[in-house]
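Participant: One letter stands for each residue in the lines below.
Protein chains: 2
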Amino acid sequence: MSGKTLSPKPLTQSAFAPFGHVLETTDKDAALVINEGHTLRFDNLADLDLLNDQGEPCVSIFRSTPLASPLIIRLMECHPLGSQTFYPLSGNPYLVVVAPPGELQPDKIQVFLASPNQGVNYHTGTWHHYSLALDRLSDFLVIDRRGPGNNLQEVTLAEEDQIRIVMD
Amino acid sequence: MSGKTLSPKPLTQSAFAPFGHVLETTDKDAALVINEGHTLRFDNLADLDLLNDQGEPCVSIFRSTPLASPLIIRLMECHPLGSQTFYPLSGNPYLVVVAPPGELQPDKIQVFLASPNQGVNYHTGTWHHYSLALDRLSDFLVIDRRGPGNNLQEVTLAEEDQIRIVMD
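Sequence order for the protein chains is A and B. Numbering of the first sequence is given in the working numbering, commencing with residue 448 and proceeding in unit increments. Numbering of the second sequence is given in the working numbering, commencing with residue 448 and proceeding in unit increments.
Hint data in this document are derived by calculation from the structure and do not stem from the laboratory. Glycine included, each C-beta is placed from N, C-alpha and C at the ideal position. Among the clues, some could well be false.
Claimed, not checked - DEER-style ranges, computed between Cβ atoms:
1) B:613 x A:465: 50 to 60 Å
2) B:491 x A:538: 19 to 29 Å
3) A:603 x B:464: 41 to 51 Å
4) B:548 x A:450: 56 to 66 Å
5) B:521 x A:480: 11 to 21 Å
6) A:517 x B:476: 46 to 56 Å
7) A:603 x B:491: 27 to 37 Å
8) A:611 x B:461: 46 to 56 Å
9) A:517 x B:527: 48 to 58 Å
10) A:452 x B:521: 57 to 67 Å
Unchecked claim - These stretches of chain A come out as covered by chain B in the derived footprint (C-beta under 8 Å, 3 or more residues):
11) 497-507
12) 534-546
13) 597-610
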């Protein structure tokens with residue numbers, strides 16, 4: 448038995464601010480007009496923090512299989528040396544499960560529902576579940592750090608801290 | 448009158464090698480299995496070169512309007528201080544028009560047709576046309592360099608060097 452249940456909240460810039468940035472094109476007034484007027488540039492949408500300890504930026508594609516139902520959060524991870532950006536490529540919504548940096552506080556875990564045109568950038572150290580496709584196989588473009596050092600911490604939640612996610 | 452006509456060639460890793468990398472998920476055998484078996488990571492798909500002259504990585508979304516028809520290449524640009532990655536987000540094919548680094552040689556311009564699940568990374572200095580959406584408004588995730596210095600060179604083609612693109 449998992450300890451509690453949570454329903455996803457909508458992913459908004461303000462609600463996600465303690466954990467990172469939402470990559471989205473909502474702020475058209477701030478976009479730059481370039482390329483002889485043919486392109487709107489929604490510029491610099493996230494704080495990429497990829498250069499610590501001789502780190503370098505890395506671009507990859509993650510192909511993620513949905514977890515079995517019922518969806519239970521048992522494991523959280525964080526990257527102490529760099530940020531990590533996910534942008535969905537398959538036109539599907541997905542879940543974002545996060546907790547603040549520092550020692551993992553299971554009661555601070557939050558669950559967001561991201562739309563197919565929202566990416567996320569986790570700040571360095573933000574706890575998160577690995578990519579959570581919903582319903583079907585989904586690809587994500589990922590920007591993260593590569594380089595020396597251990598950039599992965601994982602914590603398995605005690606049974607009473609596990610979270611069953613209930614979709615509304 | 449433009450000087451000549453070209454039809455796009457299919458975008459392949461080998462044909463594009465002089466200009467950069469194609470970001471795609473064709474090589475499943477090379478993908479890493481991560482996240483308790485739930486994710487395939489197609490790792491490190493392009494050589495990102497973003498740190499020259501105090502440069503930093505930057506992530507943006509470009510929203511591109513197709514050029515008017517007939518599609519004529521009149522202008523080429525390059526970024527002497529860094530690579531530039533485009534990944535399509537709107538499920539549409541698009542055109543990639545490139546020429547080798549160094550002084551622009553208009554007779555070396557090549558035209559590729561990229562599929563909706565192919566991104567491109569232009570090596571530092573590769574000449575290219577700005578993003579060329581086809582048919583409809585298209586978004587691209589872009590990874591490029593921000594920082595001091597002039598990172599944009601543009602060349603307007605002489606009339607006899609202009610290229611009219613003919614879709615097969």
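Participant: Tell me the numbers of any earlier hints that the structure contravenes, in ascending order.
Facilitator: Numbers 6 and 13 - these are the hints that the structure violates, sorted from lowest upward.
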